[in-house]
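These protein sequence lines map, in sequence, to chains A and B. To convert, note that position 26 of the first sequence is 26 in this note's numbering; the numbers rise steadily by one, no gaps. To convert, note that position 48 of the second sequence is 48 in this note's numbering; the numbers rise steadily by one, no gaps.
Calculated from the structure, these hints are not laboratory results. All values derive from a computational prediction rather than experimental measurement. Built from N, CA and C at the ideal position, the CB exists for glycine as well. Warning: the hint list may mix true and false statements.
Claimed, not checked - Using C-beta positions, here's what the derived DEER-type ranges look like:
#, chain 1, residue 1, chain 2, residue 2, range
1, B, 14, A, 114, 35 to 43 Å
2, B, 15, A, 172, 38 to 46 Å
3, A, 75, B, 65, 57 to 65 Å
4, A, 106, B, 17, 40 to 48 Å
5, A, 48, B, 17, 51 to 59 Å
6, A, 186, B, 17, 37 to 45 Å
7, A, 105, B, 57, 25 to 33 Å
8, B, 107, A, 203, 36 to 44 Å
9, B, 11, A, 99, 29 to 37 Å
10, A, 77, B, 11, 49 to 57 Å
11, B, 21, A, 75, 37 to 45 Å
Claimed, not checked - Straight-line Cα separation of at most 25 Å, DSS-like style, residue types lysine-lysine; simulated pairs:
#, chain 1, residue 1, chain 2, residue 2
12, A, 67, A, 207
13, B, 26, A, 95
14, A, 110, B, 109
15, B, 105, A, 95
16, B, 26, A, 109
17, A, 95, B, 61
18, A, 179, A, 207
19, B, 26, A, 91
20, B, 105, A, 113
What the hints assert, rightly or not - Here are some of the chain B residues that sit facing chain A, going by a computed Cβ distance under 10 Å:
#, residue
21, 7
22, 53
23, 60
24, 62
25, 69
26, 72
27, 75
28, 76
29, 100
30, 101
31, 109
32, 112
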Amino acid sequence: MGLFGIGSFSSIIQRIFGKKHAKIGIYGPPNVGKTTLANRILRDWTGDIMGSVSEIPHETRVAKCKKNVRVENGSSSLMMDIIDTPGIATKIDYKEFMNTFGLSREEAKKRAKEATEGVIESIRWLENVDGVLLVMDSTQDPFTQVNVTIIGNLEARNLPVLIAANKIDMEDSSPATLKSAFPQHPVIPVSALTGYNAENLYSHMVKQFSKRKRRRGR
Amino acid sequence: MVNKDKGISVNLVSRQKLEEFSTDEKLEFILNEIRNGKVLVLENGLTSVEQASLIQQTMEKIEQDTFIGIEMEGYGEEKASFLQKILGKIKKPRMTVIGPADLLKTVRKDSNMIQTRIIPGRGAR
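Next comes chain A alone, as it looks inside the complex (with noise of 0.2 Å):
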């Protein structure tokens, strides 16, 4: 695109005003409640949900997508497309849905096959995603190679990242040790079950997700 094409303009503009829609994924390892916050945050602005939810890890393996999600914040707003991925996972082993969480081998076999393409696919939607919702468990060391993984990205494309401190309704979460742990990126303690903090979450989605565009380069 030469220097006054659309694409050029667009991105001129994009840096002068800020972003008006954005693509968000929500990120995180397995049974963090990525998709628990997800409905939290549809079901607050549209009405609607984006999936079902489990204990048994790896419930979500396919990646699900709302369109025009418009998330307010006083007098300001950003029209997002929210995007539920798969947990991301350096292992998963079928004998783990038998053992713990009772299924059949059948079943534990097909969920460990779609579950390692729930992962692929995750990986893949971040060449796509224009800012990063990562929920992190509270009440769990935040120091995993996944997250380290996944925040190295972020922050090699210089994408938006905004680190939601689930399940701080548990009476062992300690939010103040993922705000140590991460200190370079916002985190919010939030309780995506109960809809604690959530108003403050949306706040700082449309804060952080509509900042302009910084160049790419490491």
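Mind docking chain B on chain A? Use the hints.
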């Protein structure tokens, strides 16, 4: 099949060796070694983008009864100083330990130490 007599290989891979590879060659080398039941300690680890590619390729190669994935722990990329940025020096990934998920378990990780355990009874395939 697990062969206990062969024991477990823990291979330290030098920075020079890793720098000889392209990214694709590096990931292929790592995955082949891991699928053969070896634990690798990389002197210079992988960038975040390479790690994501490794996870992706691992998922493509999972075989439900013989290869369930990888365990990987390392330290983040070194932050380039202001001077290094001016000189165009890139951030370097740091030491990383990678192994088969059914063999290597991370016990604890902090900013000074990565503590892992090799599960007894398993060995090089």
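Do the hints match the structure? See the list:
| no. | hint | verdict |
| --- | --- | --- |
| 1 | B:14 with A:114: 35 to 43 Å | holds, 39 Å |
| 2 | B:15 with A:172: 38 to 46 Å | holds, 40 Å |
| 3 | A:75 with B:65: 57 to 65 Å | holds, 58 Å |
| 4 | A:106 with B:17: 40 to 48 Å | holds, 43 Å |
| 5 | A:48 with B:17: 51 to 59 Å | holds, 52 Å |
| 6 | A:186 with B:17: 37 to 45 Å | holds, 40 Å |
| 7 | A:105 with B:57: 25 to 33 Å | holds, 26 Å |
| 8 | B:107 with A:203: 36 to 44 Å | holds, 39 Å |
| 9 | B:11 with A:99: 29 to 37 Å | holds, 31 Å |
| 10 | A:77 with B:11: 49 to 57 Å | holds, 54 Å |
| 11 | B:21 with A:75: 37 to 45 Å | violated, 53 Å |
| 12 | A:67 with A:207 | holds, 19 Å |
| 13 | B:26 with A:95 | violated, 30 Å |
| 14 | A:110 with B:109 | violated, 33 Å |
| 15 | B:105 with A:95 | holds, 17 Å |
| 16 | B:26 with A:109 | violated, 30 Å |
| 17 | A:95 with B:61 | holds, 17 Å |
| 18 | A:179 with A:207 | holds, 18 Å |
| 19 | B:26 with A:91 | holds, 20 Å |
| 20 | B:105 with A:113 | holds, 22 Å |
| 21 | 7 | violated, 23 Å |
| 22 | 53 | holds, 8 Å |
| 23 | 60 | holds, 7 Å |
| 24 | 62 | holds, 5 Å |
| 25 | 69 | holds, 3 Å |
| 26 | 72 | holds, 5 Å |
| 27 | 75 | holds, 9 Å |
| 28 | 76 | holds, 6 Å |
| 29 | 100 | holds, 9 Å |
| 30 | 101 | holds, 4 Å |
| 31 | 109 | holds, 6 Å |
| 32 | 112 | violated, 12 Å |
The structure fails hints 11, 13, 14, 16, 21 and 32 (numbered hints given earlier, in ascending order).
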